[in-house]
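Residue strings, one per chain:
Protein chains: 2
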Amino acid sequence: MASQVLLQTKLFRPGPAQLSGFIRRYSAPVANAIPAAKKKYVPTCGTYPQGFDASGIIVGVKPGNTTKPDVALISSHLPCSAAAVFTKNKFQAAPVTFSRDLLKKKSNAGIRSVLINSGCANAVTGKGGLEDAKLMAGAADKSLGSHEATVVMSTGVIGQRLPIQKIVDNVPTAFERLGSSHDHWLTCARAICTTDTFPKLRSRTFTLPSSGPSIEYRIAGMTKGAGMIHPNMATLLGVIATDAPVAPELMAPLLKHAVDRSFNSLTIDGDTSTNDTVAFLANGAAGGSDIAEADSPDYIALRDVLTDFAIDLAQLVVRDGEGATKFVTIRVAEAASEDAARRIASTIARSPLVKTALYGKDANWGRILCATGYSLISEPGHDVTPVPEIVPETTNVSFIPTDGSAELKLLVDGEPEDVDEARAAEILEMEDLEILVRLGTGKEEARYWTCDYSHEYITINGDYRT
Amino acid sequence: MASQVLLQTKLFRPGPAQLSGFIRRYSAPVANAIPAAKKKYVPTCGTYPQGFDASGIIVGVKPGNTTKPDVALISSHLPCSAAAVFTKNKFQAAPVTFSRDLLKKKSNAGIRSVLINSGCANAVTGKGGLEDAKLMAGAADKSLGSHEATVVMSTGVIGQRLPIQKIVDNVPTAFERLGSSHDHWLTCARAICTTDTFPKLRSRTFTLPSSGPSIEYRIAGMTKGAGMIHPNMATLLGVIATDAPVAPELMAPLLKHAVDRSFNSLTIDGDTSTNDTVAFLANGAAGGSDIAEADSPDYIALRDVLTDFAIDLAQLVVRDGEGATKFVTIRVAEAASEDAARRIASTIARSPLVKTALYGKDANWGRILCATGYSLISEPGHDVTPVPEIVPETTNVSFIPTDGSAELKLLVDGEPEDVDEARAAEILEMEDLEILVRLGTGKEEARYWTCDYSHEYITINGDYRT
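Chains X and V, in that order, are what the protein sequence lines are.
Quick note, the first sequence lines up with residues 1 to 466 if you use the numbering used here.
Quick note, the second sequence lines up with residues 1 to 466 if you use the numbering used here.
What the hints contain is simulated information worked out from the structure, not anything from laboratory work.
The structure presented is a predicted model; accordingly, all values stated were derived computationally and were not measured.
Where is the CB? At the ideal position from N, CA and C, for every residue including glycine.
Any given hint could turn out to be false.
Facing chain X, from chain V, some residues (calculated, C-beta under 8 angstroms) [claimed, not checked]: (1) Lys88; (2) Asn89; (3) Val124; (4) Thr207; (5) Pro209; (6) Pro213; (7) Thr274; (8) Phe327; (9) Leu369; (10) Gly373; (11) Ile377; (12) Val387; (13) Glu415; (14) Pro416.
Dumping the calculated DSS-like pairs for lysine-lysine here, alpha-carbon to alpha-carbon at most 30 angstroms [to be verified]: (15) V:Lys443 - V:Lys409; (16) X:Lys166 - X:Lys105; (17) X:Lys134 - X:Lys105; (18) V:Lys127 - X:Lys409; (19) X:Lys166 - X:Lys409; (20) V:Lys134 - V:Lys166; (21) X:Lys127 - V:Lys443; (22) V:Lys142 - V:Lys104; (23) V:Lys409 - X:Lys127; (24) X:Lys104 - X:Lys256; (25) V:Lys104 - V:Lys134; (26) X:Lys443 - V:Lys127.
Quick list of simulated restraints, FRET-style, between CB atoms [stated by the list, open to error]: (27) V:Thr205 - X:Arg423: 54 to 60 angstroms; (28) V:Gly442 - X:Ser289: 51 to 57 angstroms; (29) V:Gly126 - X:Thr385: 21 to 27 angstroms; (30) X:His257 - V:Gly64: 52 to 58 angstroms; (31) X:Pro386 - V:Gly404: 32 to 38 angstroms; (32) V:Ser146 - X:Val384: 28 to 34 angstroms; (33) X:Pro386 - V:Asp383: 50 to 56 angstroms.
Please build the complete structure, drawing on both the sequences and the hints.
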């Protein structure tokens, strides 16, 4: 099936995918086609927030698609408080413009639905594209019997108009298919996927201090890669829904706190696509007293649940990095500032030489050190700046194995260790790995998650027309 | 031979290179092993500056090396004015520290030789490494009968000490083998190579306004990759020598002007290794009046010759990008500032998604636009900044074919063109290509050179212990 889709969209020449004999699916896999190694990341059951329903339907946004759900709907019986974090890219897709304006106009209240299509990003599509985004939202509002209550998102090819009539015509079906079962949510999560090899869905329960064990709150969410761990093109989308009651004005700070510590640790807005969007909805269906005060115990508790939940979701994106064979945490500690730590971690995490060494299972601390060493320096053509945050003589680099065994020190106070290559190879054989850089110049720290660069990464991206 | 070296240095496990059946040579090729497609970049004759000699000898800096020249020497009969541009990386190799201090101490005068080894970078080697750099330079000074007259450079594996006694013992041989023929210069250029597939040597003649055709000046130079087009690890080294007479205090501004417009357009100091160094020597052996005044006609003439020459050399590094199949010029025009244009060009040039699309011969302007759109935005966790330098509605993206045929417009004033895919495929089949982004917000421009990301790039970097 995958090769059929491929031929339909790229008739004019054979791409590297064919030449190398490897073909990645360009649409989300059907349930039984998830790679064996990834199956453990797909839940088989869930606890979903009350008052929310989900669906995913096959519309054929890409003309060749007749088998993969490509329109997703999440809808609440009650009006929700809602916020979203959007891409900073200067070329913002029409759904980004539309949804940002909507949330502003509605002061983050009165939202009922999120309608998403994959297969076409509706980006760089001019005024017509914005009109399409409005038509999509309007169709959902009509089915809801509401007005200005639908956030929209799109992901897929840039520069092409949506088959808007087809989508609009199918919106009633998306509403008809809504349901609250695990299968409904999973199909919805599949519908937002593009090059993902598995749907990314999570759910959990939590309590709040004010109500204690008397109320079980629920939170559920889905995301899609991104493909690359630094998703500078393939859209990252995310939707998180909870049945806790939250005042509209607290939604944005809650979400910002969570996203800064999760999706932004994949540099999602430092290196960001035209469409990246993460939305958060709260419908209050579980009852209890409104969370209406920032820094109240309930606020703090929800903020921490949301942040932890967002980290879980964000890590799934890394797990499905295009061609990835490794999940690597970059931790920069003992930094003079969190900002410096973040920039260094981000630089290491995106270094092609570090990422290829990880693929090659090479304990190449020189590349890690080198990326650290250039992460804060001035741009070409600008004067040399001092960069007091990095002092070679206090810098330490280690591998932290994820099986709880001992740290492997590679560089201690700027001096190379005599590395046990056999032990290094052992650690590098594991799927998960932490690289720890201690700067010795302060007390702050930051974490990034990354994966390796493989041959498959080149195959996928040499041939995928985003 | 290559596989032999490989086994000697990496006994403990098979790397992707072996697994994929492809093996890149980890040492510079012998003359007859240069890839057929690269032969055109290796000169078969040259005009070398008077009073300079060159040599390259086999020392065995890497224990397994018995066939590749790995120590290079360029030496002048007369004391030279000299300057160098060094890496900004916070982890600076010992030869960088040594040579910077030397040039400062000597006020850019009285330099006679440049001694370079490949195979070991002498980086992150502590005080012992600095001592080694001094011993290297001292051995050359001894052979010269001079004092503090030798600049040193190293490139290769990080974190290992030089086999310094072996090098010092062989320095007299390097002096014995000095000569001024093309073969001497070419062997010297081969000796500085690491993963390069061909030696990078250029020479030319020029005149200066004050002497006109009565004096033929000469300039010659060599460089080494870099491997990657954004050499954030593999060292980039360069040496340029001329027989024009230049006052010591003018050497640094001349070189800075040239490097900013050549090697720095490979982001060489924005994304820079521990060892990157480009040195410029002028011995005045051709005679004529000293160039002693900045902005004099002779100064301007030499500056332009040097800049043009440095561009030639720098482009050779891109031509030999690891695994590269394409040479791509990124030109950002109609920018509000040169700095903005540079940052945008650099961002496009290093985008993995743009580079893989080029490999896949995919006219994926969406990725180019996307990289443009995130190039000037704020870091993750920081507020959104306005970025007035980029206005979607005035942005244009085109392919400029290198055969003189018509420009192919992909995006005009922010609106996608209906692209002729057959014509796009035709342009993308060519080895050379220019991507032109017109911002429509000013009059400045900047250029970067880049290459594509291929499967071979992953193979090389997944297995090479730098």
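Confirm or reject the claim that Gly442 (chain V) and Ser289 (chain X) have a C-beta distance inside 51 to 57 angstroms. Since the Cβ atoms of Gly442 (chain V) and Ser289 (chain X) sit about 55 angstroms apart, the hinted range of 51 to 57 angstroms holds.
Cut-off 8 angstroms, beta-carbon criterion: hint that Ile377 (chain V) touches chain X: Ile377 (chain V) check passes; min Cβ-Cβ to chain X is 4 angstroms, inside 8 angstroms.
With a cut-off of 8 angstroms on the beta carbons, see whether Thr207 (chain V) makes it to chain X. Violated, because the Cβ-Cβ distance from Thr207 (chain V) to chain X comes to roughly 30 angstroms (cut-off 8 angstroms).
Hint validity - Val124 (chain V) Cβ closer than 8 angstroms to any chain X Cβ: Holds, about 6 angstroms.
Just to be careful, I want the Cα atoms of Lys166 (chain X) and Lys105 (chain X) compared with a cutoff of 30 angstroms; is the pair within it? holds, 28 angstroms
Hint status (Cβ of Thr274 (chain V) to nearest Cβ of chain X, threshold 8 angstroms): holds, 6 angstroms
Hint status (Cβ of Gly373 (chain V) to nearest Cβ of chain X, threshold 8 angstroms): OK, holds: Gly373 (chain V) within 8 angstroms of chain X, min 4 angstroms.
Restraint status (C-alpha distance of Lys443 (chain X) to Lys127 (chain V) at most 30 angstroms): holds, 28 angstroms
Was the hint right that Pro416 (chain V) lines chain X, CB cutoff 8 angstroms? holds, 4 angstroms
With the threshold set at 30 angstroms, check whether the alpha-carbon distance from Lys443 (chain V) to Lys409 (chain V) stays at or below it. Measuring from Cα to Cα gives roughly 20 angstroms; hence the hint holds.
Interface hint for Leu369 (chain V), Cβ within 8 angstroms of any Cβ on chain X: Constraint on Leu369 (chain V) satisfied, holds at 6 angstroms.
Given the hinted pair Lys104 (chain X) and Lys256 (chain X), is their alpha-carbon gap at most 30 angstroms? Holds, at roughly 16 angstroms.
In this structure, the earlier hints numbered 4, 5, 6, 8, 19, 31 and 33 are contradicted, and the remaining ones agree with it.
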